[in-house]
Each structure stands twice: as structure tokens, then as C-alpha cells.
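A.B. asks: Protein sequences, first through last, are from chains A and B. Position one of the first sequence corresponds to residue 6 (our numbering), numbered consecutively onward. Position one of the second sequence corresponds to residue 50 (our numbering), numbered consecutively onward.
Treat the hints with care, since some could be wrong.
Stated by the list, open to error - With a cut-off of at most 20 Å between alpha-carbon atoms, the simulated DMTMM-like pairs for lysine to aspartate or glutamate come out as follows:
no., chain 1, residue 1, chain 2, residue 2
1, B, K199, A, E48
2, B, K385, B, E541
3, B, K195, A, D107
As the list claims (entries may be wrong) - Listed next, the stretches of chain B that the computed footprint assigns to chain A, with coverage defined by at least 3 CB atoms under 8 Å from CB atoms of chain A:
no., stretch
4, 77-85
5, 259-272
In short, the hints are calculated from the structure, not lab data. As the structure is a prediction and not an experimental result, all values here were calculated from the model. Where is the CB? At the ideal position from N, CA and C, for every residue including glycine.
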Amino acid sequence: MNTVRLIVRRFDPTVRPEPYEEVYELPVAATTSVTNLLYEINERYAAGIAYRVSCHRGICASCRFRINGKARLGCTYEVNGGELRLEPASADVIRDLVVASDWKGLGPPPEDD
Amino acid sequence: MFRSDVLVIGSEGAGARAAWEAADRGQRVVIVTKGRLARSGATLTGAADLDVDSRSLRHLLGPAPRTSGVAPHPEDSPEQFFRDMCVEGKWLNDQRLVRAHVEDVPERARELLEAGLKVYDLRQMPGHRYPRNMYTSGHDLVQVLKAQIKRRPIHVVEDTMITDLLTRDGQVVGAVGLDLVRGEPVTFAAKAVVLATGGGHNVYEYNTGPEELTGDGQAMALRAGAELLDMEMTQFLPTTIVSPPIARGNLFPFLLGPQNALRIWLLNKYGERFMGQWDPERWEHTTRDLLAIGIMNEVVEGRGTPGGGVYMSLKHLPNNLIDDFARWGAKPFISKDWKSHGLSFAHLIEDVKRGNAIEVAPACHFFMGGVRIDEWGATTLPGLFAAGEVTGGCHGANRLSGNAFAQILVQGKRAGEAAARFAAASCHVPEPDAWQVRELHARILAPLNREGPSSYEVRAELRNLMQMKVGVVRDGPALREALARIEELLSEAIPRLAARNRGRVYNPEWIECLQTANLATTMAMVARGALTREESRGAHFRRDYRRTDNARWLKHIVQRLVDGRVELRLDAVETPYMQPPQE
Numbered sequence: 006m007n008t009v010r011l012i013v014r015r016f017d018p019t020v021r022p023e024p025y026e027e028v029y030e031l032p033v034a035a036t037t038s039v040t041n042l043l044y045e046i047n048e049r050y051a052a053g054i055a056y057r058v059s060c061h062r063g064i065c066a067s068c069r070f071r072i073n074g075k076a077r078l079g080c081t082y083e084v085n086g087g088e089l090r091l092e093p094a095s096a097d098v099i100r101d102l103v104v105a106s107d108w109k110g111l112g113p114p115p116e117d118d
Numbered sequence: 050m051f052r053s054d055v056l057v058i059g060s061e062g063a064g065a066r067a068a069w070e071a072a073d074r075g076q077r078v079v080i081v082t083k084g085r086l087a088r089s090g091a092t093l094t095g096a097a098d099l100d101v102d103s104r105s106l107r108h109l110l111g112p113a114p115r116t117s118g119v120a121p122h123p124e125d126s127p128e129q130f131f132r133d134m135c136v137e138g139k140w141l142n143d144q145r146l147v148r149a150h151v152e153d154v155p156e157r158a159r160e161l162l163e164a165g166l167k168v169y170d171l172r173q174m175p176g177h178r179y180p181r182n183m184y185t186s187g188h189d190l191v192q193v194l195k196a197q198i199k200r201r202p203i204h205v206v207e208d209t210m211i212t213d214l215l216t217r218d219g220q221v222v223g224a225v226g227l228d229l230v231r232g233e234p235v236t237f238a239a240k241a242v243v244l245a246t247g248g249g250h251n252v253y254e255y256n257t258g259p260e261e262l263t264g265d266g267q268a269m270a271l272r273a274g275a276e277l278l279d280m281e282m283t284q285f286l287p288t289t290i291v292s293p294p295i296a297r298g299n300l301f302p303f304l305l306g307p308q309n310a311l312r313i314w315l316l317n318k319y320g321e322r323f324m325g326q327w328d329p330e331r332w333e334h335t336t337r338d339l340l341a342i343g344i345m346n347e348v349v350e351g352r353g354t355p356g357g358g359v360y361m362s363l364k365h366l367p368n369n370l371i372d373d374f375a376r377w378g379a380k381p382f383i384s385k386d387w388k389s390h391g392l393s394f395a396h397l398i399e400d401v402k403r404g405n406a407i408e409v410a411p412a413c414h415f416f417m418g419g420v421r422i423d424e425w426g427a428t429t430l431p432g433l434f435a436a437g438e439v440t441g442g443c444h445g446a447n448r449l450s451g452n453a454f455a456q457i458l459v460q461g462k463r464a465g466e467a468a469a470r471f472a473a474a475s476c477h478v479p480e481p482d483a484w485q486v487r488e489l490h491a492r493i494l495a496p497l498n499r500e501g502p503s504s505y506e507v508r509a510e511l512r513n514l515m516q517m518k519v520g521v522v523r524d525g526p527a528l529r530e531a532l533a534r535i536e537e538l539l540s541e542a543i544p545r546l547a548a549r550n551r552g553r554v555y556n557p558e559w560i561e562c563l564q565t566a567n568l569a570t571t572m573a574m575v576a577r578g579a580l581t582r583e584e585s586r587g588a589h590f591r592r593d594y595r596r597t598d599n600a601r602w603l604k605h606i607v608q609r610l611v612d613g614r615v616e617l618r619l620d621a622v623e624t625p626y627m628q629p630p631q632e
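With the hints as constraints, model all of the structure from the sequences given.
C.D. replies: In C-alpha cells form, the structure reads like this:
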């Protein structure tokens, strides 16, 4: 069985102001995706990595990350082993791999109380 | 607190159409979504057709044949379409909803064509006696709806998971949820609420739905006291991928084999072709319900693959025949280089040509059951409306291909209109009850403040239990065992679920705790309905009650929470417009 080594750029503004890197290793039995691996890391290691994912088939582009330096979709990126570096897709990071929405219409209404 | 006249929960298909309508009727509208607009929900993933009766299609598209040579047929009508929905729905449909569906959909389609929706082709899918399936794509549909939202003064709150509805004196007056980005509970006050959160696909280990369909709407409607019906009616696509994990739940094998032309074989672990016992003439090329039943019967009787499926073999077919299929077989869903959406299946096909089988299993594809509504989307709670897959009754015991897009448009528009009228007529709407808000906010925060089981473990156990015991092939003992375990977890583990990470900002474990509770509540409803319905009908197959029993079971199974307990009731199916055939 192959092993995959994931280097993940982590960032949680409520814990520390600077991003940092964490490394996780996982066995890979058959071709899997980056988003599957992130779920598995959170499940096995309680890593709590924040990431977006929705359709799992490359349509919604929620899971756009920088994978080994290039913008790619995590759900369709094939992984069989080796080393992967995961970073958020843009500079507007909310936490870990989650970046701010690109919705350009009206946002939330004014809040009272 | 966010205030609006109409609050729409869920931003895609049905929700978007409802918001559009309510805004056009002068109401202040807020959409709230767990994901992001046009980047989440099931509508986007539809590879998909929109059903309109053929006669109306002649007016919409003209009489000429479309790409694949199929032309609209003048003998079809909304009445014929109505009949097909009831026949295929095994007469469990709420006929008032079906009538609204077939009568409204031509106009809903016209609006979208006018708004720029592209039609790729016209087809005639199984169960339809005439060509009605206008081929479009979920991606295109979502973009058209998004443009309509943008043109109107509609506020959109993204990244916010609604967890519960607010009620006062039996009326729905808003909702509470978790702002995932700020990590804070939030409150929405509204004169009317439209629930449009979609199906609950993720109750099953294998499903074709997006990540966020976790039964949130079904569970919060139950908790608020609304009625749900026919929750046991879950539709499965028979052959989806088990392995490799990157494509789990993908329907590629369905497109390759049963749905199209390749004469694939399905084999159990002994290498036996088993479909002949279910359909001795058509074998693997029978209807999808029989295929799903045949496959899961092998699995539950211990003759499946290690992954809980069966083997789909093409070894009897020459390699160049398989190569040639990519050029003609599954347009537009499989490309010449074996791509389907963003996934490439070229490696899988190479493996197939080396002689290996594809491991396939049925995956949950659609919820026919859900929140009970009338033809205007009104639920049994004043102030609460619902539209789309979160509702039940339109499709009865089985949904026809192409009818999901039709449903979201028809019901979304009607619910938006009815919610707008309700809001406009409400001069005095009670404020949310501060005590209820405080209690529900505390419940949202609870997984961060306690020790307890991990949601990941509980979710994995529950989803496997659903797949094996409440899936396609059901029987009394297995259902009883599954329901007992789900209820045990609901009373013991679920209320103690804890996030091992305590961060507030976009904490995936925290979200998972809230979602797992909704999954479990929805699972219990599916299992309870399946155990109660002692017959087989459409998507619901009981191997201990194989007959469809119209004398006893032409009934809706209604579930409602009364004093903290789920009460079951059987309501006769009303047939105001068309009578089922006498046996």
C-alpha cells in the first residue's frame, strides 16, 4: 500500500495571527481525491482542517485549492501516493483552506439588536 | 437579528425560484444557505432533463426534431403527463401536487428559456409515453437562476447553517443557525419562511448527492412540529462506483451499462449472473428499481463484493468495441476521452480492458418523501412553506427521470408566491420568543462545550447501517434492528456529540456534529416509515412483503412530533382526478 504525505497550510486567526504548516501521512489503497484525504485526516487525527467541498465531481469548484503550487479542484485531483502541498486558493483566507466567497450580489441585510 | 418578510432557507433550484417570486411581489427577501450561491446544492449536479409534456414543448421549441432526432409529439398533453406520473409513482402521489406540476411546468420552462437557459436535446426517458425530456444542465440552470437573484433586491447570507425553525403560538416566525465564518449563532425573524434545503442523500453511505444534503430541512421541520410523509420512499441509482474512492457514488457505470447500450454483466462473488431471477428476459437491462433490488439482494444475502456491491463485468466484450462506445454511447455525459463532469474514467476503462470488473453498488439518488405541503407549498404549520426535494408527495413511490428540475421550478414559484401573500397579509407577526432563541443558540454551541463521542464515528456507523438494513432491500427484522440502534444513538450519543477541536471559525467538526444530529433524525424517519409499510411499492421493496397491496396500503405514512415523540398516522391517498386501476 502506498503512503501519501500532505503538507497543509493552516491558518486560524483566533488562535495565531500567522499561517503555519502541518504534515500528515496516510495510507492510500486505491486512487482517491484530495477532499477524501482531508475528510480522512479530520476523522483519524482530529485535525479539524477547514475546507469547502460540495459536488465531488468537479462542477461546483467549492474545493479549489492550490495543490503543489497550482490552482486545482480537490475533488477531482487524483492521489495514489507521494507528497502534496495544500494551500488556500487565494489570499482572502477565512481559515485553513477556506477562502471568502466570490458572490458579488447583495450580502446580508443590516442586523439589529 | 436579521429581519425579512420572507426568509428562504436554501439558495439553489427551489429556493432561488421562491426568492425570485417573493421579491417580485414586493416582499423583502433574505436567502440563507449553508454553502455558497450557485456553488452548492443538488440542482448544480443534475446532468439533467426538464420534463414538459410534448404538446407544450411543440409551442416552446417548435415541431422540428432535435439533435438526437426526437421531435415533440402532438398527442401528448398535461393530462397524459399526469397519468404517467401517477402510474410510475404507483398511485401514492398527492394528485393535487401532480396537477399543479403538469399544468405549471410549461410556463416555468418558458420563463427560463426566455432568461437564457440552453436546451441541448430532446429525449424520451423510461416511464414517459411521449418525449418530454428537455436536456439542459444543472450548471446552466443554476447560472440562470443566479442571474435572476442578482437582478432583484434579494439579500443572500452564505456560509450559514440553519439549525432550527422558530415558532410562536404554533406559527413559524423565523429560524436560528450557525454563521460558519464568524462561529456565532444567528437569528432570523420573518413573516414567512420557505424551506428549500433539498433531499437527505447523505443518510446513506453511497449516494449521488452533494456533501451538504444532510437532512437538515427534514429534521428541523419535524422538530418544529410539521408533518412529513412517505419518508420510506428513497430512490436509488442501481450501479454507481464503490472503488476507487475518488469516484465513489458516481453514476458513470450506469451511463456505461444499464442506462445506455453496452450489454454488461453483473456478477456476484461466485461469478454468477443473478439478474435473470428478477427479469428473465432483459437481465441487466431491466428497469432501475429491479436492478437496484437485484444487486442489493446479493449483498444482503452475503454474495456481494468486500465493498458491499457486485461486479460489473465487460470482459465478454472486445476492447475495440469498448473504445468505440466512447464515441457514440453516452453523449453528452461521457466524452470521447472518458471524462464525465470533472472526473476522468480513462484509468478505470484501461483496467476494464485488462479484464477487471468495476465494483458497483446502488446509491441514494432522490427523496420522494418529505415535508407535507399543499399545492401552494403550505406545510401543516402556519408561516412555513416548502418546495423542492425537501417536500413529499409529488412523485409518490417513484420519480420519473427529468421531474426533479420540473418540481423545483413549479413548487419554488408557488411557495414563493404563497409565502409573499402570507407575509403581505400578516399585519402583526409575533417577535421570536427570546427564551426559545436562547435555548436553541445554546444547543448550537453545545458541541464546543462538552466531552462526548466523535460525530465521525457515529456518522460512519449510522450510514453503513442505513445502506445495509434500510437500503434497497428491506425486511422487518433488519428494519427493527436498525431503527432500534438509530433511536438508541439519538437518545444517547447524539445529544453528547462533541467537537474535538474547539475553534469557532469554520470548524468542520462542529458543523459535522450539527449535521450528524439531523442525519440521525432523518434516518429514523426513513427507517420508521419503511418498517411500517408492510408491502412493496415503487422504490420501497420489502422481501417479506413483496406484493403491492392497494387494498391496505394506498396510504400516506405521516410522521409528526407530538410531546417529544414521533407519532405515526396513516392517511388514505386522495384521488380527486384519476382513479388507480382496480385489481
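A.B. asks: If a hint holds in the structure, say so; if it doesn't, say that too.
C.D. replies: Okay, the hints, checked on the actual structure:
no., hint, verdict
1, K199(B) x E48(A), "violated (38 Å)"
2, K385(B) x E541(B), "violated (52 Å)"
3, K195(B) x D107(A), "holds (13 Å)"
4, 77-85, "holds (count 4)"
5, 259-272, "holds (count 3)"
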